[in-house]
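Engineer: Sequence:
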Amino acid sequence: MNQSLRLQTVMAVSGSRRQNMTIDGVWEDLYNGLQAVYLREVMKSQRYMELYTSVYDFCTAVSVNPSTPATGVVGRPSRSNTRSSHKNYSGEDGAVTGTDFVGVEMYAKLTAFIESYVRDRLEGARDLLGEDLLRYYTTQWSEFRFSSKVVDGIFSYLNRHWIKRELDEGNGNIYMIYTLALVIWKRILFMESKERVTDAVLDLIRRERNGETISRNLIRDVTDCYVELGIEEDENPDQVRSAQPNPNAKLKVYMDHFEAKFLRETENYYANEAQAFLANNPLTEYMKKVERRLEDERARCDIYLHMATQEPLSKTCEKVLIEAQLELFQSEFGALLEANKDDDLARMYKLCERVEDGLNNLRSALESHITKEGLAAIAKVADTAFTDAKLYVTTILAVHNRYSSLVGSAFQNESGFIQALDKAATTFINKNAVTRRSQQQMSKSPELLAKYCDQLLRKSSKMPEESELEDMLTQVMVVFKYIEDKDVFSKFYTKMFSKRLISETSASEEAEVSLINKLKQMCGFEYTNRLSKMINDTQISKDSCAEFRDYLSNRNVDLGIDFNMLILSSGSWPALPTLKMHLPQKLNLAIEHFTSFYNSKHSGRKLTWVLSQSRGEMYAYGFGKKYVFTTTTAQMAVLLLFNDSVEYTVASLVTSLGMDKKTLSQVLASLVKNDVLKSSEGLDISSEAKDDVVLTLNHGYFNKKVKVDLSKMVMRSDPKQETEHVQKNVDEDRKSVINACIVRIMKTRKRISHSQLMTEVLQQLSARFKPSVEMVKRCIGQLIEKEYMRRDDAAREMYEYMA
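Following the UniProt record's numbering, the numbering of the sequence shown begins with 1 at its first residue and continues without gaps.
These are calculated hints, taken from the structure and not from any lab test. You may find that some hints are simply not true.
[Unchecked claim] Each pair of labels, with its calculated beta carbon distance range:
id : residue 1 : residue 2 : range
1  : Gln440    : Leu278    : 35 to 45 angstroms
2  : Lys661    : Gln440    : 29 to 39 angstroms
3  : Lys770    : Lys462    : 30 to 40 angstroms
4  : Gly658    : Gly571    : 22 to 32 angstroms
5  : Met307    : Ser142    : 13 to 23 angstroms
6  : Lys542    : Glu797    : 54 to 64 angstroms
Every residue, glycine too, gets a C-beta built ideally from N, C-alpha and C.
Please model the complete structure; the sequences and the hints are all you need to start from.
Structural biologist: Here it is, written out as structure tokens:
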């Protein structure tokens, strides 16, 4: 007979006996089966099916003897405000129905059995402590849990029907069988032994923290038990019961009976350890220990605690190990900075960032330290750096790069530390020993930075590679970022840039464009608009030169000289000094031809020749060897006259050249200084020469070089005068910008208080320069006089816009 037929026979036999079944009649066999299950005896599948079938047959019996009372049901006392908290098993006429008693009788019997079993286990735990208790508890729990799942399967028909119906009707005293087992364990064995079990677990953890090797599985098994016992029967009597407790409340037992005490023990343990360790060790070693302890606790949570403990455990450790020691951390921070202990600084940052407001004082301390270091570094080189732009800028960069690297490596580029670096750099770059030496109102830093850029971008014998130059320009922008008076930098840079373009001494057009693009990216299109137009003019000039050569060629005109020109848009370039003089004939002819060419292409435009900036090369044969002189236009005109005469007086040269005497004296002094000319009386480039001074060509002139630049001396300008001129232009420009800003604000606001207007003006202009409060007030007064705005007669602190 196959298995299918045998099972059918069993079911048939069971069916024939249903009408005469009682709980006492089936319980003896079920009791023996439950004993076997909970005692972990080997049970074959056939026996398991017999037990299941007994439960099934009893629960599906057509009629039963209702004489057996429903006793031993696990539940709370009935509450008047609890829906179906204690059910009366009766029909509509008050009579108890057989169907109800089928479930309740078996449920009561099973409850009594499990309670008895758990009480026996409790007796075995009464005299145990420490690890012995934990081994007993976890072993019994593991076996009980497994056995209860088997029993849950045997009584699954009761779960699916009678228990489910009771739960659906809101009976808060009934549980699914497996949950029932957990409830009984919790109320009997757990509640009686929880203090001793928890203390034993905490003792193991304490021993492990002290360096002992322990059985971690014992702790893991206990915490798993506490989690699984997180049943909700005490929280909400109205809640429908199920075999799967609500996960949001499942940790209540774990948290109330283990985690809370564990966290208190942790706090006490580490408070004592921190105090003892710091009494005998430096802070640097303490931080290393804290790192290890935090990692230990993280691993501890991963191995044998619930993941929900991770956050409160971390917070507890951070509170006692870090937050409680913040003052000590902050007091040692400066010393670590002084000693360049980057690893320890990184360690301190990682620890302090874990606690609220743990970094605030460190940021402030870093700002103060960088400011102090920057000011000290500049003070050391102030005497030389006042005139040495390279030394000044590289000193600033050395300080900034050191702490920028520190902020990146140790402080992970955290925004607060970046801000601290920025504030410190702004302070020591704009106000330092070098800037205090300047007698001008404006800061010296923008001027020196512009001069450093000029050194980088001007042709020299020690030109860096393109990639190196690009890196240097990137570093320039690091300093430029912190310059408060960016308009001053623009004035100096534009002036020097124009000189490089006019004299064709730019080291690299690509580098020039690269820096302009960097400035544009930081300050906007308007800031670099003039620079871009100047570069555009040089490109157009190259094309115009090529077209002019074609123009001459088509007309068979030979100028006798190689003539090139640079056409500058008057509104884009800085004001250039003028020079009136009589030009040599060949130069005059070239200018006339080019003027005709240009006028034929552009009507309505006027060319103004800036002879003070013009220069050329000329061959000199009147000396021991042939030379190629690079000269200014005025120098060239003077030297060409010596083709016609061997000597001239100063007065005759003034007449021949049509130059003012002061300018001519400077030109003559430069030629005498270079030994190209001799004078009957010494000439000083800073004073006018006497009319009767005689000048002759020095035929004994000698220079090792064939190409000699004579123009440098005469084209030099007085740095002090240049600075004063820039200061004047800056002040004028600032007044215009401030006036425009005030009018713009008044036009938008219509009515505004004095303090608010001042705040908005200073805020809007901060990206370009830092205007003085006095200048803003003067501009407000001027605009009131010009009737752009007025004071409110009733409230004098208020301004009103006048259309």
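Engineer: The structure should be examined with respect to each hint, and the outcome stated for every one.
Structural biologist: Outcome of the hint check:
1. Gln440 with Leu278: 35 to 45 angstroms: 54 angstroms, violated
2. Lys661 with Gln440: 29 to 39 angstroms: Once the Cβ atoms are compared, 31 angstroms apart, the range 29 to 39 angstroms for Gln440 and Lys661 holds.
3. Lys770 with Lys462: 30 to 40 angstroms: 36 angstroms, holds
4. Gly658 with Gly571: 22 to 32 angstroms: 29 angstroms, holds
5. Met307 with Ser142: 13 to 23 angstroms: 21 angstroms, holds
6. Lys542 with Glu797: 54 to 64 angstroms: 59 angstroms, holds
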